[in-house]
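2 protein chains.
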Amino acid sequence: MNRIKVKAALSAKEPREDIQINGWVRTKRDGKGFAFVEINDGSCLSNIQAIVDEGLPGWDDMPRVGTGAAVSIDGELVESPGKGQKWEVRAKALRLIGEADQESYPLQKKRHSDEFLRSIAHLRPRTNKFGAMFRIRSEAAYAVHKFFRDRDFRYVHSPIITGSDCEGAGEMFRVTTHDPAQPGAQSYEKDFFGKEAALTVSGQLTAEIFATSLGDVYTFGPTFRAENSNTPRHAAEFWMIEPEMSFCDIHGNMDLGEQFLKYLVRHLREHCAEDMALFAQWVDKTLDATLDSIENDTFVRLPYTEAIEILLKNAKTKKGKDRFEFPVEWGIDLQTEHERFLTEQHFKKPVIVFDYPKDIKAFYMRMNDDGKTVAAMDVLVPRVGEIIGGSQREERLDVLQARIQEMGLPEEEYWWYMDLRRFGTVPHAGFGMGFERLLMMVTGVTNIRDVIPCPRTPRHLEF
Amino acid sequence: MNRIKVKAALSAKEPREDIQINGWVRTKRDGKGFAFVEINDGSCLSNIQAIVDEGLPGWDDMPRVGTGAAVSIDGELVESPGKGQKWEVRAKALRLIGEADQESYPLQKKRHSDEFLRSIAHLRPRTNKFGAMFRIRSEAAYAVHKFFRDRDFRYVHSPIITGSDCEGAGEMFRVTTHDPAQPGAQSYEKDFFGKEAALTVSGQLTAEIFATSLGDVYTFGPTFRAENSNTPRHAAEFWMIEPEMSFCDIHGNMDLGEQFLKYLVRHLREHCAEDMALFAQWVDKTLDATLDSIENDTFVRLPYTEAIEILLKNAKTKKGKDRFEFPVEWGIDLQTEHERFLTEQHFKKPVIVFDYPKDIKAFYMRMNDDGKTVAAMDVLVPRVGEIIGGSQREERLDVLQARIQEMGLPEEEYWWYMDLRRFGTVPHAGFGMGFERLLMMVTGVTNIRDVIPCPRTPRHLEF
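For the record, the sequence lines run as chains A and B. First residue of the first sequence? That's 0 in my numbering, and the numbers climb one at a time after it. First residue of the second sequence? That's 0 in my numbering, and the numbers climb one at a time after it.
Just chain A, same shape as in the assembly (with noise of 0.2 Å):
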């Protein structure tokens, strides 16, 4: 018997003898003499119908064959006469594996909600929706890396433990061999490092230093915020790609996102359009416009000035109401709203806002000469709000240095990140952007917790 896995039999060019399908059962319906089974092993979302006659090897395990067992099925592979399926299984022979108990088994026929299913995150990709997730999951990693690799970039894993806490984002958590829950101070210099450690918050510094060295770059990997928010968006573990380039300005920066949008929606929809169509009917019925739109819409290139103004003349509904809740101002962080209402109402398609006031943004973000604003930039898509953060980097050593010592960061902690700026110094440009945010982009999915196979949050530290 060969074995052939249902994604392969589902798209069978002709029928097949002597073949064998493993899997588990996902539901079982009795005929007189006979039994349809249907059975999943994970390779795509459909199921592939078994027709077992009575009397046949294996017959007598029937009654124990239930939602969840693991089968084995020898048989053959042919046309079906239902509706909706093309090929099905004529069995030969069927063997029980693995009995799932239908009283305990708690992945049952009926709908589970988002909620009890992160509480058994174990069995969730055993069901439709989840299956799906995590197998676009694996192909939008992949179409991560082919997508830089086609382009010449070369993959940089940047350390997770680092010993910096000038990253420069939020929170971070220690890592340590010391147990604080002994009574006693233990100095850093006992412990493994013999300083302090603490988990990544970015790749970037590092993404830098192979950016000018090995010239186009680029990260994808966990990085880590302590931050201690229940929010459906945050999350304390997700996956970052920072790419990173040298000889590159804010112009090419805002290309290459541009592009990488694009080329993930298209290969995604090319490549998972079953799974990718169980959430554009079932989660988010706005999610193929919202795709199209990435997918074929030139994206606005709005200065954060320009960005302000548009605010700043819609502040007001034609009811003459407040729009937004945070006051706009030039110099003000965008929010939320504001970058929802520039992608989704006024422009309705993709706008990547850049230039933005110095005062709100990192010390490595290359300075205008109007030294008001700096090279920074942030791809904003409906429904989503920001996607992508990145910017041009200050390439030139006495400006990084004033900036700094302005914002009164510790110099001496950045010697390497300086030496980059003093030896064949290159303009150079990236990004960051959140691997979870696009899942729940491309999936229309908006709980974090349900595009991860074992999220981590705030008291969650389950599987």
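Just so you know, the hints here were simulated from the structure itself, not pulled from any lab data. Bear in mind the structure is a predicted one, so any value in this text is a computation, not a measurement. Hints may contain errors.
Given that identical chains are not distinguished, each listed pair holds provided it fits within a single copy or across any two copies.
Said to hold, decoys possible - Taking lysine-lysine and the DSS-like style, the derived pairs with C-alpha atoms no more than 25 Å apart in a straight line are:
# : residue 1 : residue 2
1 : 261       : 145
2 : 109       : 284
3 : 108       : 4
4 : 145       : 6
5 : 347       : 284
6 : 318       : 347
7 : 27        : 109
8 : 6         : 108
9 : 85        : 6
Assemble chain B onto chain A, guided by the hints.
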């Protein structure tokens, strides 16, 4: 001007007018009324040579164009009359973008020791050797993803922060928002996750969740060991690849391991020929022979018990001396000297040892019918020793429970792992391969610090 990368220029099919080359100067030689400038942009190992004639725009900056300086050259791509290079650039203009002070720039033309280069890990990818290394690392990661995707495996991001210390492999780092340097005990109840948290040592248990739902899966992510050992083969942070297959036994697992190694070697030899040649020439003269063997020889499959017999027969050298430092008897864990004898001297090719004594292996490995051995396997390759370790997993709930009790492990911690056996259990198998070990294997580099962008070892947390 159209910027092209050095790699593209050197593989041009025909001459081109109006190109721009951006990169860093590796060497400059002054002639009479002109200068040769060798430029590297990280896109490949080779430099491209530019001829800059006296009086061209930018010529006045030439005294400041030294090793390490960043330059941009406009010119024509023309056939080179020189030896060893097909193309060169005849400059029309040169711009000095970033100077590198020749007194203080650490990377001068002379050869530097690996030790020294580790102290400037932010600059070492600008050398030939480390540029080649990190291009190979990038391509190897791509090859890993491509191998699995071509075979319909799904990529799973297993969690980095874990609440279970039951992954069963070595010392773990703690993850906390407490500060152990503070006096007084701090309770884990009040920590970020409300319980003890650690950095993962393996994604296997998570991979089993997804193998028993999506079918064939793999993880590829960072893993951590807090072992305070300073050896050339150990790092505190390293990347690991862990495939896991449902409906698969130890033999299918061995097949996959062998195919995987052959594929990776073949892929890298094809796609990184120039970079690999550097290591074969300068780092390890036996490299090509080793890689030939991995690529072309059928791996020996050797039960542990037979391996012990072979070692016992060869316990003495021809001259009657003890061959091994560690005594051999049935039940021992094989030492590196034993593994290397089998693969380098006895068989002279890769060897897969399988069916190890249960007492030296982890609780989750499948018990064989003999009651003494488990379905574990290690792949040994010449010069490197163990490159892959894996097993068929215990899929029988009662046998697994008995093992967990026998080994005194906290059964309640494994409730979800047990569930995978409780509901639709299936035979499944997988293995782990250290990504850095692979890189050491394909380059001949013997210190793990030299295959990682920013290595983490005891008391080393720079960059």
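Hints violated by the structure (numbers, ascending): Violated hints: none at all, because every hint is consistent with the structure.
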